[in-house]
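S.K.: Going down the list, the protein sequences come from chains A and B. Anchor point for the first sequence: position 281 equals 1242 in the working numbering, and the numbering is continuous, going up by one each time. Anchor point for the second sequence: position 285 equals 452 in the working numbering, and the numbering is continuous, going up by one each time.
Bear in mind the hints are in silico, worked out from the structure with no lab data behind them. One should not assume that every hint holds.
[Stated by the list, open to error] Listed below are the simulated DSS-like cross-link pairs for lysine-lysine, each with C-alpha atoms no more than 25 Å apart in a straight line:
#1 A:Lys1007 to B:Lys338
#2 B:Lys174 to A:Lys1267
#3 B:Lys174 to A:Lys1293
#4 B:Lys221 to B:Lys174
[Said to hold, decoys possible] So these bits of chain A aren't anywhere near chain B, every CB distance computed over 12 Å:
#5 Phe997
#6 Arg1260
#7 Glu1292
Cβ atoms here follow ideal geometry from the backbone N, Cα and C, with glycine treated the same way.
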Amino acid sequence: MMRTMKSPATDTALSTGDWLLAETVRRAEERAGSPFDSAEATQAGKLAGGDLAARIHARALHLPEAGTIRDDIRRLAGITRIMVTLLAIAGLASGVAAAAISVGEDRRVDVLLALVTLLGLPTAMLAAWVIMLGLSWRRPRRVSLAGRVLRSVSGWLAARLLTSPHRQALIAAAGDLLGQGSLARWGLSGLTHLFWTAYAAAALATLAVLFAVLQYDLAWGTTLLTDATVVDLVDRLGYLPGLMVGAPVPDAELILASRAGTETGAGRAVWARFLLAGVLVYGLLPRLVLGLGCLALFRRARGKLKLDLDHPGYLRLAPELMPSGQAHPPEKPRTRTSDPDLPTRPRKRPDSAGTPILIGVELDRPAERWPPMLPGIESRVLGRADDRGQVRALAAALETLQRPPSHLIALCALGRTPDKGTERALNALANAAGAPLILVVDETERFSESGGRINERFGQWRRLATRLGAQAVLLELDRPDAAALARLKRLLEDAEPAE
Amino acid sequence: MKLPVLKIAIVGHTNTGKTSLLRTLLRVRDFGEVRDEPGTTRQVQAASLHIEGKTVIELFDSPGLESAGALIEYIEELPGRRHDHPDRIRQLLDSAAARSEFAQEARVLELMLDCHVAVYVIDAREPVLAKYLDELDILGRCARPILAVLNFVAAPTSRETEWRDALARVKLHTVLAFDAMVRDPGTELQLYEKLKSQLDQFQPTLAAWMEQRRREEDRRRVAAGRLLADMLVDAAAFRRTVRLDDPDARDAALEELRRRLRRREQSCVEALLELYRFGREDYRDAELPLDDGRWGSDLFEAEALKHYGLKTGGYAGVGAGLGAGFDLATAGLSLGAGTLTGTLVGTGVGLARNLGWSTVARARGYGQVQADDATLRRLAWRQLELIRALIRRGHASQAPVTASGGQQTDWKTGRLPRALRRARLEARLSALNPEFEPAAIRRQELIEELAGVLAGELTPDS
C-alpha cells in the first residue's frame, strides 16, 4: 500500500473545473516531456501567491493552451449533465412501465403483487447498496464495477465529442477525478438513488393518475400464506404510511373481504390509497432522502478537491513558481576612501643601498626549510611575518638598519588571497625599509595541488602589487622557472622599476 | 503561527567557498560572486529562504574582517569597560575610523550585530594563521553564536585536524566540515541541525524549514517511483511483430525492440536526474552509478545479468532452457519459430505470451516479441539503484540506502509484481506501441499500483 503524503489542511482546494485544468495540463506536459513554455503564465503563477497548488492553478489558467482545454471541460460538463438527465428519464420511463404492468390490463389489481412488482426490485437494490457501502466503507476511493463501466463508456463518448488537442489528457484526468476522495462513492450512489427516485416518482404519479380516472378492482390473493399472516403483513406495512401521510390502513375485516375471488370492490379507495402510500413511503422517500444525502456528501467531497503534488509534472514547476530561495539585488558599493598611507607612485631605490632584504609573509613553508634559497640572487634574510607582532618586530628591525636595502623582497604564498590586512602589513614593511618592494609569490605547486587556479590568484597578487607601487613575480622556489628568475634579477638590478 | 525570521550572517574571506555554500543553501544556481571592484568596499549580499512565499530565514553573504589585527589594536584603545565587548564594538561603529579606515570591517560588524548567528567559513587548506584567529576574536566580541565551517576538507592539502584543534582552543566546538567541490546537499541538513542546537528561540523556524525540506524529499521519492513505474509499464507492454521465417527481418525487428527499450530507459534516467535537479556540472559526482548521465553498461549485455545477480527464471519467454521453458503461446507455430526460440536465449526478449494473438497469424509465421522478465528486472533494478543514489546525496548520513526489510517484491528472483504481469498483456498500455491509448484508465491504475510497490523499495532505512 503506497504511503501517500497527507496534504496539510492548508493546501488549496480547487473547483472541479480548475482541478481538471491543472491535471490535464500536467498530463499533457508529462507526455510531451517538458513543461509548456510560457513566461507569462509562470509569472502569473508566481504572483498568485499562496501554496504551490494555488500557484500551479494560476499558471494553468494563464497558459495559452488553457482556452481550448476549458472549452472541452465545459463540453464535458455538458455531456455529464445530459447523461444524468438521460438516466433520470430512464428512471421515469421504467417507473411508468412498472406501474402500468402492475395494474394490469383488465382493471383488476392484485395489491400484493403490485407491491412486489413496484417495490421488490428497488428495495433489493437498496439493500444491496447498503451492503456494498458497508463493505467498502474503509476504501472510499475504490470505484465499483458499475463505476468503471460508466467511466469507460464516458471515455469512449468523450473521445469522440471533445475537440481540443489535449483531449486525451483531459479524459485521463476526468477518469482520475472519480478516484479523488469519496467522489466515486457518493457520486455513483447519488446516481443510483436518482434513478430509483425517478422510478418511484413516476410509478407513483402513474398510479395516482390511473386510479383517479379509471376504476380498478383491488384485491389480493395468496397460495402459501394464511389469512392471519396477510392481515399482519398489511398491518405492519401500513403502519408507517399511516403515521407519515395519514393513509388509511385496511382493517382486518376489509382485508378478509378483499381476498381475490371474494371481493366486493367496496374497499377500493382504501386499498388504492394504501398502495400509493406504500410506494411513496417505501419507494420514493428513502431513495429521495438518501439521494439528497449523497448529493450533499458528493458536493462536500468536490469542495475538497486537492492536487496531488507528488507527481514529477508538478514538482518540476516548483522551483520556478515557488522558489524556496531567492537572492536579493546587490548593495550599492560604498567607495573606499583610499588609504592615505599607500604610495602614490613607486618607491625609489635609495642611494647607498645595501643588499636586498628577504622576508617571508604568511608562508606555508615549515621551519626546517627556512630560510629559502633564491638561486643566483644575493639577499639577506631578515625573518618571517605571520602575525601582527612579527610584522611590528620586522618593521622595527628594518628601520634600525645601518644601510637601507636596495629592495625589499617579500616572499609570499600563492595560497593566500591578498587582502587589506596583507596590504597594510606589506605597506608598513616597505615604508620601514624605505626601498622598492618586490613580491615573490611562491608555493605555486602546493596551490595547484590543492585545486587552485594559478592565473586567477596571481592576478590578485599583481593587483595588490600595483596598489602598493610594487612588482610581483611568480616563482616556485622548489622548481624555479628560468624566465621568472631572470625577471627577478632584472628587477633587482634596475635603478627604476621596469614596466 | 508566525515564525520568527532567523538572520544568518555568512562571513568569510573571498576564495573560502562561501558562495558555493550559499548556493547550496539557496538551491539557486546563479547566486553570483560579487566582483571585487578596486576602490570600493566588498559588499554584503542578501538572500532569503521562503516557505510558501513567506520569508523565514535571511542569509547575508559577508566579506571577512581583513584588517582584524589593526582593528583589535584600535578596540583595545577605546575607553570604557574592557569586558563589555558588544559595547566596544558599538563604540567602534560610531567612531570616525569606522567610516574611513575600517569601512569594510564596520559593515561586517554592523551585520553581525543585526544577525542572530554567524557562520564563519574557513578554507581548510589554509594554515591556521593569526589573522584568522584575530578575526574570530572580534567576531566573538559581537556576542552572537558562531558556527565554524571548514571548507575544502576533501582536498589533499586540507588541514582539518589543525583547524579543529585551533578552533577548540578558542572555544568554538561547533564545527561543520564541508567540501564545495564534492557538492553534497547533505551539508545543508547538517548546518541547520547545528544551528538548531545553538539557537533556542529559533527552533520553530529551523524545524519548519527542515520539515519543508523533508517533505520535498518525500514528494520527490514518490514522484521518482511514479516515473519508474511509467517506464516499466511502457517496457512491459511494448511489443513488436516479427516474421519468424525471415531471419533478416526478424533480427531487424529484435534490434529495433532493444533500441527502443534503451531509449526509453534513457529518457527515464533523464527525467529522474531532472527531478533531483542534478545538473550537467554535477556529473563529476562519482556517487552516481552513471557514466556522464548514461548507464555505462548496455541493458542487454550478458554480463549485466551476472552483475545484478539476477536469475533467468520466470517467464523468460523461451530464454531459459529450451525444453522446460517452452511457451504455451508458441504452440501451433511452425518449425521456424523453434529456431527463433533458440536464438532468443538470453537475449533479453522473448516471444509474447499473448493469448489474444490470433493463431492464424501465428500459423502464418508471425510472432510477437516482448522484453522478457530478466530485462524488466534489470530495468527496475538499475533505476532503483540510481534513485537510491540520488536520495543518498540528499541525506546527511553517508550510510547507503538499501531496500527496506518490508519489501514487497524480491526483484532478483520470484515473480514480477502483479501490475507488471498485467501490463504485459495489453498493447494499448505502452507509449512505445502504435496502439497506445493515453487515456486508458487501466494504465493509470497499473502505474499507481506499481509505484506503490516501488515506493516501498525506496523508503530509507533511517
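S.K.: Does each hint fit the structure? Answer for all of them.
M.R.: Hint-by-hint comparison with the structure:
1. Restraint check for A:Lys1007 and B:Lys338: the C-alpha separation of about 45 Å exceeds 25 Å, so the hint is violated.
2. As the CA atoms of B:Lys174 and A:Lys1267 are separated by approximately 34 Å, the hinted pair breaks the 25 Å bound.
3. Proposed proximity of B:Lys174 and A:Lys1293 is supported: the alpha carbons are some 21 Å apart, at most 25 Å.
4. A threshold of 25 Å between alpha carbons decides the hint, and for B:Lys221 with B:Lys174 the separation of about 14 Å falls inside it, so the pair holds.
5. In this structure A:Phe997 is separated from chain B by more than 12 Å, as the shortest Cβ-Cβ distance comes to about 16 Å.
6. Chain B leaves A:Arg1260 outside its interface by the beta-carbon criterion, the shortest separation being 24 Å against a cut-off of 12 Å.
7. Listed as outside the interface, A:Glu1292 is inconsistent with that label: its C-beta sits roughly 5 Å from the nearest C-beta of chain B, within the 12 Å cut-off.
Checked against the numbered hints given earlier, the structure breaks hints 1, 2, 7 and satisfies all the rest.
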